[in-house]
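If you want the building blocks of each chain, they are given just below.
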Amino acid sequence: MKGYKTGLDGVSEMEEKTLLQLGNEQTATVKEIHGGYGVVRRLESLGIRPGKTITKISSHFWRGPVTVLVGKGKVAIGHGMAQKIVVEVK
Amino acid sequence: MIKKPEKKILLMGNPNVGKSAIFSRLTGARVTISNYPGTTVGFSQGYMKLDEDNMAVVIDVPGVYHLEPACRADEVTCEMLEEGDLVVNIVDATNLERNLFLTLELRERGRPMVVALNMWDETRHKGIEIDVEKLEKELGVPVVPTCGITGFGIKELVEQLRVAEKRDFAPLARDQKWEEIGKTVELSQTLHHHHHTFLERIEDLSTRPATGLPIAALVIYVSFMIVRSIGEGLIRYVLDPLFNDLWTPLMMKFSALLGGGGLIHDILIGRLVGGGIVYRESFGLLTTGLYVPIAAVLPYIVSFYLVLGILEDFGYLPRLATLVDNLMHRLGLHGYAIVPMILGLGCNVPGAMALRLMENRREKFIAATLMAVAVPCMAQIAMIVGLVGERGGRYVAMIFGILFAILIIKGLIMNRVLKGKSPEILWEIPPYRLPQPAAVIKKLWMRVSNFLREAVPYVLLGVFIVNILYMIGIFDLMSKVFSPVLSGLWGLPKDTISAMLIGFLRKDVAVGMLAPLGLSTKQLVIACTILAVYFPCMATFVVMLRELGAKDMAKSAGIMIFTALLVGTILNFALRF
Chain A
11 MKGYKTGLDG VSEMEEKTLL QLGNEQTATV KEIHGGYGVV RRLESLGIRP
61 GKTITKISSH FWRGPVTVLV GKGKVAIGHG MAQKIVVEVK
Chain B
17 MIKKPEKKIL LMGNPNVGKS AIFSRLTGAR VTISNYPGTT VGFSQGYMKL
67 DEDNMAVVID VPGVYHLEPA CRADEVTCEM LEEGDLVVNI VDATNLERNL
117 FLTLELRERG RPMVVALNMW DETRHKGIEI DVEKLEKELG VPVVPTCGIT
167 GFGIKELVEQ LRVAEKRDFA PLARDQKWEE IGKTVELSQT LHHHHHTFLE
217 RIEDLSTRPA TGLPIAALVI YVSFMIVRSI GEGLIRYVLD PLFNDLWTPL
267 MMKFSALLGG GGLIHDILIG RLVGGGIVYR ESFGLLTTGL YVPIAAVLPY
317 IVSFYLVLGI LEDFGYLPRL ATLVDNLMHR LGLHGYAIVP MILGLGCNVP
367 GAMALRLMEN RREKFIAATL MAVAVPCMAQ IAMIVGLVGE RGGRYVAMIF
417 GILFAILIIK GLIMNRVLKG KSPEILWEIP PYRLPQPAAV IKKLWMRVSN
467 FLREAVPYVL LGVFIVNILY MIGIFDLMSK VFSPVLSGLW GLPKDTISAM
517 LIGFLRKDVA VGMLAPLGLS TKQLVIACTI LAVYFPCMAT FVVMLRELGA
567 KDMAKSAGIM IFTALLVGTI LNFALRF
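Protein chains in written order, with the numbering used here: chain A, 11 to 100; chain B, 17 to 593.
Extracted from the complex, chain B is given alone in its bound form (with noise of 0.2 Å):
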């Protein structure tokens, strides 16, 4: 029989190192892994059975350099070390020395530990030699050579767990720590000259400025394109014929079972247009609410994290980072913000969780507030494309563009306004890596399993709740309340607050919103961009009050509603079309 838990098993090391690859081995549960430092911001755990009737509950801890405590992460981190009872200390074997510095460390602790040597297969053709046995004896420590990704040395590394017992070791000071470090690497690590491999040399040009600018421009516009054509042809040759040829029957049939009108029909079918459903504007639960988020969305849900995923895996995003470092250190922040702004690209809420990522308060509101108001989400991206893309692809761009001179020019206002600098960074820029099919396809099958438990219900309940607005005419009472800044200042229709106020929910309803309406191409575009900018979603706003703080959060908030009058007010008086 299998009892409850018993023992706390933490898993640590630096990061990218692969401890999420280890955990997910160990539990089989399923966790975001990457090609970067930072990958996993929160604390995962899992369950693993760790011999015949005994269960262990094993964390995935956040990678840390060293114990002391620097930053928010490590502060938890050593309060993790507290009440954990087995450490797996995860280790990159083709960066022992510096790794060892947090074993030594570790195993101070006083906790029964083991080391893993991970990436062990990457030695090889790094020409790096490494004596387990010599290691072992120098560390004092159990030392198991394993690979998260394929999996190999997991089995010995669960038996080293069973039996692994607590040791003591004199604290060694600093200097003493690196000098048995250097006898140790010098014992069991042979170095051999090896050539470049063709993964290396491409590092090496996607590093330097001359090349790895044309390069990182090159691989923006070719992940563009193949998010847009695998998008588009998922909706022109599978959902579309799936929703207008299959669905479209059935709900026309059920709507005649309802007898075409009144409450449940409205709320379930919606209103027909032109004896039809039309999926863009019937808004009824079975139709908009549906057609939105697997017909409209989802297509670019999954091209996007397919991309995003490789790259990811490829180890691109650091180097990226490195190459726009110097722009956004005019914004206020360093090269590694792109990290959540580009996550927020897919979602927001997963960018607003990484803005963990950052050094301090300032960074972390600059990169908070750019996010929000500046970066939209895939699914808001999807119904932007859709709707205002019938008006020329032109629009679309004018839409980004306008979103993109938002975030450079806020930016550098923040930075001049607030006070502080931005803070220098220090980063690993991790080797490149060719992605594994199978990690790829595991990733995305999460994160768009996510989006469908996460995304679909918020739509529905926000359709639902557009019904019910629309009867009880509260969004009549707000239209007249709100219409000398909707009219005066942004010269929409006072109809328009309908999409406003649901964007505070769900921002790819509220852009569907806009299509009943009837809105001039120029309306459209200004529309659009106010609901991009003017406040997050509420899944958003709730992950990023937790991650600011009441009073960062409402000062942010004060911003992006100023941003929102004022572009708005802009485009209406400048746009001519």
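Looking at chain A on its own, in the form it has when it is part of the complex (with noise of 0.2 Å):
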């Protein structure tokens, strides 16, 4: 899932990843969401849809969850579903 691409602008450097990888405290913009429409639905409703900018607070061992900053707001993620969220950082 990793992999480097060249902004619009072609000067800035996007790397993509997902929730998992993403390291604690980084910030990073949701590019997309790779589930059925039901794990969508879910996300979309607590604020987690493609172009919405988070911040990763923690993850857990032994696949725990991983706790994120949307707008003021924090929500718990399995971590399954944390998987399948691919995120861009700048």
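Calculated directly from the structure, the hints in this document are not laboratory data. Note that CB positions come from ideal geometry on N, CA and C, so glycine has one too. A few of these clues could be false.
[Claimed, not checked] Below, simulated DSS-like cross-link-like pairs (lysine-lysine); rule was C-alpha separation at most 25 Å, straight line:
#1 K150(B) with K193(B)
#2 K571(B) with K82(A)
#3 K41(A) with K193(B)
#4 K94(A) with K41(A)
#5 K62(A) with K437(B)
#6 K82(A) with K41(A)
#7 K94(A) with K437(B)
#8 K65(B) with K182(B)
#9 K62(A) with K567(B)
#10 K435(B) with K94(A)
#11 K82(A) with K153(B)
#12 K567(B) with K435(B)
#13 K199(B) with K150(B)
#14 K171(B) with K153(B)
#15 K199(B) with K41(A)
#16 K62(A) with K82(A)
#17 K182(B) with K150(B)
#18 K62(A) with K193(B)
#19 K458(B) with K82(A)
#20 K62(A) with K142(B)
#21 K182(B) with K171(B)
#22 K142(B) with K182(B)
#23 K82(A) with K24(B)
#24 K171(B) with K24(B)
#25 K142(B) with K82(A)
#26 K65(B) with K24(B)
#27 K571(B) with K437(B)
#28 K24(B) with K182(B)
[Unchecked claim] Computed beta-carbon distance windows for the label pairs:
#29 T37(A) with T537(B): 57 to 67 Å
#30 I577(B) with E25(A): 49 to 59 Å
#31 E35(A) with L477(B): 42 to 52 Å
#32 N34(A) with I577(B): 24 to 34 Å
#33 A413(B) with Y47(A): 42 to 52 Å
Both chains come to you apart, so use the hints to assemble them.
Set out below in structure tokens:
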């Protein structure tokens, strides 16, 4: 899932990774969600949809959940679901 | 004159936006309010005076994020919407964007609607500024800033409800809705930078595993110590003196009046032990029947619900759920399943009701079975502590250790054996909020009075039935029938069948019935463990049956009985003391 892309202006470099790979306290933009309609809807209703900026707060060992900051709210996302969320880091 | 209620008002909004607080403000009805998503799983209904001569029914609808049916609660919500006349859409002002999706869905349904911009007090210190007029203009429905906990804005909300009118909105597709929301939020909300408050710093510390797990251990330990010391303190300094110094002399006089024996005497006062009343052994309605719920159990109910209420209102439960999610997945559940488990520690009935928070049938089944088997209720715990504690604290710890081991082992097995996977969870972690003393006391009083109303009559009924069954010889008959299991497998005297039978009705009375049997410590440990494991009490059974359905309940009951047989036998042959 890792890869480098050149931005539209050809200057800024964007790095794509899954939410799991994102480091703690790193901020990124949601790019896409690899999931069925249900997963997309559920994430969306908690404010996580393509284009939104999120900050990872913590991840938990043993395939535990990932917690993120979206706007002013915090959300816990199960390990498997976090894997389906692709984010873009500037 | 007040007429029959004509209008039906629905309170709707995302989970944990404070619907129940507004509900309780509007109706004066008492409902449980906590700081975690999913506090309300059923519908609460209350009445309010809309104006001079009109009453309205107010319905507190469990929280939903959107209207399409995603789980059972949502479907019912959609049904409710068809019947409602007025909608109050409660919105968390600190999470405007996310909350407005439901608002846009609701306004398309053609019901007169008012938006309550709740948690208004929190926007200021979060650096959020909302222009209510602009928001109102963009949404096209009246918007009232409110704070359910303090009552701010409730009067205005009611005024708006009186004049609310139906307006028509063109239906928008999903993407169009998000676009519209983006625009609305852009126009009406300004975010300011704000410094992290003390509470926010603790929030982060208690979510990260490295600091969160030690904090969780500390919170659980401190909670346990507080529950224990308040419970013990109330018994030692208030209730025992009350019973021993005031009630006993009165009962002794009454006993003498009744002639010290006979049918009526034995039912009301019970058997005298060494010429006096022993509250744990006499088993009369006015002695043991009152002592068990009021002096033995009530103190722990008070202390447990006090501590739970503070943790709930603070917002700790969702964080604990995040921390244990990885472990819970091994048991076929997810982190949020600790909510029914923790509620079950107070009483298995609300625990079983909270099973609705579980996503699917498999998870519900596992959570229900684990709770019924391995989570004893506070009434039962209080009796175990009272009875087994006399033999040494380590035996009490042993019983809980055994139950915890059963919980883990059964979870691991069920996760392996049952088809399917534990669902991925996604939940909101609300901010920490300092509990309001008045709200905590109100909730505590609600739960305690509920215990007194619901439990005490059952305890009395239990004690009455014990006396009757003794008299007509049912216990003798049953003890003969079941003695192969009791004595052969579990090493218990056949008299313990009486406790096992009463356990179907009330677990606290059942544990209490072990007192006069003169059991050895090993037998006590085995009997208490089996009483916790073998079957839920009647009240819990009824709720579980409703939540699981007959087929799953039968399977679950099979597992419980099998576990009791197996664990009792293993303990009987393994324990050496």
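> Can you give the numbers of the hints that this structure goes against, from lowest to highest?
Replying inline: The structure conflicts with hints 2, 5, 9, 19, 22, 23, 31, 32, although it agrees with all the remaining ones.
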